[in-house]
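Those sequence lines, one after another, are chains A and B.
Position 876, counted from 1, in the first sequence is what numbering that gives the first Met the number 0 calls 875; the numbers after and before it change by one each time, with no gaps.
Position 58, counted from 1, in the second sequence is what numbering that gives the first Met the number 0 calls 57; the numbers after and before it change by one each time, with no gaps.
What the hints contain is simulated information worked out from the structure, not anything from laboratory work.
Incorrect hints may appear among the rest.
Said to hold, decoys possible - Per label pair, the in silico range of CB-to-CB distance:
| # | chain 1 | residue 1 | chain 2 | residue 2 | range |
| --- | --- | --- | --- | --- | --- |
| 1 | A | Thr504 | B | Ala100 | 55 to 61 angstroms |
| 2 | A | His45 | B | Ser98 | 40 to 46 angstroms |
| 3 | B | Leu41 | A | Val82 | 37 to 43 angstroms |
| 4 | B | Ile104 | A | Thr504 | 24 to 30 angstroms |
| 5 | A | Thr404 | B | Ser47 | 17 to 23 angstroms |
| 6 | A | Arg91 | B | Ser20 | 16 to 22 angstroms |
| 7 | B | Ser20 | A | His45 | 52 to 58 angstroms |
| 8 | A | His45 | B | Arg84 | 38 to 44 angstroms |
| 9 | A | Arg91 | B | Ile104 | 30 to 36 angstroms |
| 10 | B | Arg38 | A | Arg91 | 54 to 60 angstroms |
| 11 | B | Arg84 | A | Arg91 | 32 to 38 angstroms |
| 12 | A | Val82 | B | Ser98 | 45 to 51 angstroms |
| 13 | A | Thr404 | B | Ala100 | 54 to 60 angstroms |
| 14 | A | Thr504 | B | Ser47 | 47 to 53 angstroms |
Even for Gly, the Cβ is constructed at its ideal location relative to N, Cα and C.
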Amino acid sequence: MSLWTDIRGRLDGILNRARRDRETAEEMRFHLEMEAAQLERAGVPHPEALRRARLAFGNDDDVREGVREARGAATFDELRGDVAYAFRQMRRAPGFALTVVATLALGIGASTAIYSVVDRVLLRPLPFRDADRLVVVWETDRKSQTAREPSSYPDVVDFRERSRALSTIAEFVATDMSLAFPDDQPLRLAGVATSDKYFQLTGLRPLIGRTFSAAESNAGGPRVAVLAEWLWRSRFAGSPDAIGQTIDVDDVRYEVIGVVPSDGDFGIDQINERAAYHAPYSGEGEVGVWIPLQASAEQFPRSNHPFLVLGRLASASTVPSAQSELTGIAADLERTYRNDNADRGVFVEPLGDVVFGASRPLLYLLLCAVGLLMLVAVVNVANLLLARGTTRMREIAIRSALGATTRRVGRQLLVESLTLGIVGGAIGIGCAVLLLQSLLSLAPADIPRLNEVRIDARLAWAAVAASLAIGVAFGSVPMWQARRVDVVHALKGEAVATGGGRRRTPRELFVVAAVALSVMLSVSAALLVRSFRNLMSTDPGFSTATVVKAEYQLPLARYPRDFAKWPNQPEIVNFNNTLLERAASIPGVQSAAIAGAHPLDPGFTNSWLIVGREGEASTYPEISVRIVSPRYVETVGSALARGRELSDADDGHAPLVAMINETAAKRYFANREALGAQIAFWCAPRTIVGIIRDERIKGLREPVPAAIYVPLAQAPLNSGVLLVRTERPAESMAGELQRTIWSVDPQLAVYGVEPMSRTILRSVSASRFAMIVLGVFSGVTVLLALIGVHGVVSYLVAQRTKEIGIRVALGAGRGTVTGLVVRSGLTLGAIGVGIGAVGAWALSRLLGTLLYGVTRADAVSFITVSVGMLVAASLSAYLPARRASRVSPLVAIRSD
Amino acid sequence: MSERGDLLQGTLELLVLKTLSLAPMHGWGITQRIQQLSRDVLRVNQGSLYPALERLKRKGWIRSEWRMTENARRARYYELTAAGRRELDAERAAWERSSRAVNWILESSGA
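Can you make the complete structure from the sequences, with help from the hints?
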């Protein structure tokens with residue numbers, strides 16, 4: 000018989016099962032009738048003949064079964080039977096089945112969700128050609144001690160001409176642009192201004208059309224634009240007709256020449272994020288448009304540092320060799336341009352480090368956490384199946400006694416755990432989808448490529464495979480147990496009562512492991528919770544609850560900056576005054592102000608000096624420059640330490656004045672009078688009239704830098720943020736602010752409209768994210784561990800019922816018995832806590848910069864978790880203990 | 000199934016093949032025929048016969064077909080295939096060889 004005939008036969012048997020069964024039945028009937036007819040011919044009356052024929056035939060089910068088996072369909076039928084039996088078993092012990100399925104689903108769901116994030120963000124290849132050869136070239140400033148500053152245009156040109164270690168160098172600016180399609184409201188989106196070199200360097204290829212030519216990249220070249228795929232699809236429905244259309248970028252007309260993939264903006268958010276300062280960039284959404292920079296040395300002098308720089312390592316060079324070469328070039332420039340390039344150096348940093356530097360540790364921490372969760376889940380499932388196997392010894396013994404082979408019983412047990420595994424896995428994938436949604440909504444926005452994260456088919460298969468593997472692995476455990484079942488003893492119920500040695504069983508080891516793992520996670524979670532509490536209780540220096548902000552950008556085309564008449568720029572000043580007036584008159588607004596940057600935006604810094612102490616200036620780091628309108632202090636809920644606030648009188652015609660913050664006052668005017676002193680920057684001295692309380696402009700974690708507050712009227716800006724203080728619910732205010740700005744200029748794109756309370760939450764989103772995820776994970780693992788403790792203690796109690804009965808009979812009190820049992824749970828808990836504490840110390844290394852105001856060895860976290868775990872373990876042991884203490888000695892001794 | 004069962008199974012298949020080599024027949028007919036040819040010594044159990052028929056069919060030695068009996072009843076008739084005929088010859092040879100061998104042993108004079 001060929002293999003093919005065999006397979007075809009079996010398949011036929013399986014597929015045409017119903018028809019074949021019918022035929023067999025008919026054949027049997029025919030046989031019976033013939034038999035009966037023969038008996039009748041021999042003189043037996045009809046009913047008796049039929050009865051005898053049937054008797055002779057035997058059990059026709061057996062015959063049918065035999066035929067079916069011969070047909071090769073038997074294995075399949077048995078399997079169906081096993082699956083049906085498995086489901087019946089699940090219904091019969093719903094608590095057990097639910098716990099196993101839920102545990103598996105949680106473990107698989109959580110790990111699939113986290114892994115899909117790690118996979119998409121960290122493990123997938125970068126969208127750029129040979130991305131590991133790309134570097135970011137930062138300028139450094141020894142004076143302000145910043146390592147990551149943008150470059151000046153002439154510096155970039157010099158680097159490009161002289162460097163051999165870098166084969167290509169491209170400068171770019173990523174900034175929010177307002178983009179208007181013909182006959183449409185402008186929208187605010189991220190754009191990049193750069194040159195043809197950027198596309199050469201990254202290997203970014205257009206989907207349709209082309210990218211910039213060299214001529215288009217140079218100053219005075221034609222104005223052309225490249226769209227990102229997502230914008231092209233949403234605005235031009237992915238039509239090739241987009242090429243040749245015109246768009247307005249910041250009120251200047253550009254012609255669309257090509258479309259590049261949406262992920263062409265890879266890394267830009269993070270490069271901006273890491274830079275000491277950068278152009279206004281909300282970092283929300285993907286880059287939508289690319290325009291040529293068309294820079295010239297006249298427009299961008301050496302003193303001006305607006306450009307971010309990417310480089311590609313030449314084939315023979317390395318990051319250190321590029322670093323040393325560019326350091327040499329920078330030193331040369333420093334000698335040549337003593338004014339502009341004093342204290343300037345270069346820092347070459349691999350692009351991957353810049354992009355993933357902040358999120359890699361966070362994601363690996365989560366991966367580690369979910370790994371621990373999965374381990375606990377697996378351990379718990381193993382434990383549950385072991386327990387189940389034990390309680391089913393008797394059933395297995397009965398089946399063996401009735402003639403089931405070891406193989407048959409084993410297969411059926413395997414099918415049961417496989418069924419549990421598959422059901423758990425399937426629900427797990429559903430959980431993963433839901434979990435991923437909440438993860439993504441919680442995740443900090445600066446994790447690269449987060450918008451690409453999804454659970455793909457590959458991962459879903461991996462999850463199914465994992466659940467199958469778990470099913471097989473733990474299906475074999477009861478199988479292995481079943482092999483050792485001594486039928487006679489098990490039937491008498493003695494097999495389970497023979498224990499009594501003090502050796503730790505695998506089940507106890509599993510529980511210890513689960514407790515240890517959950518202590519590890521819980522300590523980390525506790526450290527993060529305490530860090531987050533410390534962060535949130537840090538006084539930001541302004542009120543977050545009642546302030547709403549709305550940001551906008553005034554296009555240079557309609558709001559020109561004429562430095563000849565500076566600071567009197569009529570268009571900007573008009574806009575500011577009208578906006579302030581209208582904002583203040585919105586019902587419910589107590590106070591309104593305009594600032595260059597909101598209180599959590601570090602803004603920009605500038606070099607400066609104190610008049611009369613010019614000699615010291617070379618040691619000063621740059622100072623943060625805050626540009627604010629009158630009533631800023633009142634609006635954001637800050638306060639004056641001394642002096643007066645900036646007022647309406649401090650306009651473009653009045654003497655130049657400024658406030659400084661307390662940090663600046665302490666650092667530079669320690670034993671001197673700050674008020675009345677003069678500070679000079681931008682070539683003009685300003686008199687200090689007030690000292691304002693510190694605002695945490697660099698975020699809650701960072702120390703407050705020295706800052707100077709300059710009146711808006713004396714330093715008008717094209718980018719601004721409207722701030723209002725309101726007693727109305729902050730959320731209802733957003734639309735109103737937007738409308739107010741549009742009432743002044745309907746062409747402006749308004750963005751970042753939100754209460755400061757949300758801004759501040761976002762600024763700590765990495766901490767919050769890690770805290771919530773680890774908190775949830777540790778909660779789940781603790782729960783699983785406690786279920787484990789409860790299960791093992793119940794099992795021990797069941798095992799020792801006779802012993803307990805004897806003790807009670809001999810006069811042991813309830814308390815003694817309860818204590819005895821609880822102690823057994825507590826011992827397991829204590830061993831687990833001890834091991835877990837050591838593991839937690841190791842794990843906390845991963846928390847790194849997420850910790851704030853607590854150390855890795857924070858005693859409060861360790862003690863709280865350990866004590867909490869021990870108490871919880873005792874409680875979960877107490878339930879079975881109470882049951883044990885109520886055992887009646889008579890029942891107990893007879894129970895087996 | 001015991002070892003004796005296995006022996007019987009192989010023998011039963013040989014007997015079925017032989018019976019069918021005479022004429023195509025339905026299951027009941029086969030039992031009757033074997034009983035008759037063995038002079039009532041061998042009685043075939045239905046529980047063995049039908050699975051055996053199924054096995055022979057899967058091996059391609061016999062094929063089955065629904066036909067009308069003389070009494071106009073529908074019945075499944077089995078008939079030998081060419082492969083079945085070759086198999087019958089081979090098995091018959093094997094059977095004769097082994098039964099001869101068994102006889103030699105049984106008739107040996109114990110020396």
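Taking the beta carbons of A:His45 and B:Ser98, is their distance inside 40 to 46 angstroms?
-> Since the Cβ atoms of A:His45 and B:Ser98 sit about 43 angstroms apart, the hinted range of 40 to 46 angstroms holds.
Is the gap between the beta carbons of A:Thr404 and B:Ser47 within 17 to 23 angstroms?
-> With a Cβ separation near 21 angstroms, A:Thr404 and B:Ser47 satisfy 17 to 23 angstroms, so the hint holds.
Does 52 to 58 angstroms hold as the CB distance between B:Ser20 and A:His45, or does it fail?
-> With Cβ atoms ~36 angstroms apart, the hint is violated.
Regarding A:Thr504 and B:Ala100, is the given constraint of 55 to 61 angstroms on their beta-carbon distance met?
-> Roughly 58 angstroms apart at Cβ, these two residues keep to the hinted range, so it holds.
Assessment of proposed distance window 32 to 38 angstroms (beta carbons of B:Arg84, A:Arg91) | violated (55 angstroms)
Is it true that A:Arg91 and B:Ile104 lie within 30 to 36 angstroms of each other by Cβ?
-> violated (57 angstroms)
Could you say whether the range 24 to 30 angstroms given as a hint is met by the Cβ separation of B:Ile104 and A:Thr504?
-> At roughly 57 angstroms between Cβ atoms, A:Thr504 and B:Ile104 fall outside 24 to 30 angstroms, so the hint is violated.
Mind checking the hinted window 45 to 51 angstroms against the Cβ distance between A:Val82 and B:Ser98?
-> holds (47 angstroms)
A:Thr504 paired with B:Ser47, Cβ distance criterion 47 to 53 angstroms = Between A:Thr504 and B:Ser47, where Cβ atoms are some 48 angstroms apart, the hint holds.
Between A:Arg91 and B:Ser20, is the Cβ distance one that fits in 16 to 22 angstroms?
-> violated (54 angstroms)
Pairwise beta carbon distance, B:Leu41 to A:Val82, judged against the given window 37 to 43 angstroms | Given a distance of about 41 angstroms, which is inside 37 to 43 angstroms, the answer is holds.
Starting from the hint 38 to 44 angstroms, judge whether the C-beta atoms of A:His45 and B:Arg84 obey it.
-> holds (41 angstroms)
In this structure, the earlier hints numbered 4, 6, 7, 9, 11 and 13 are contradicted, and the remaining ones agree with it.
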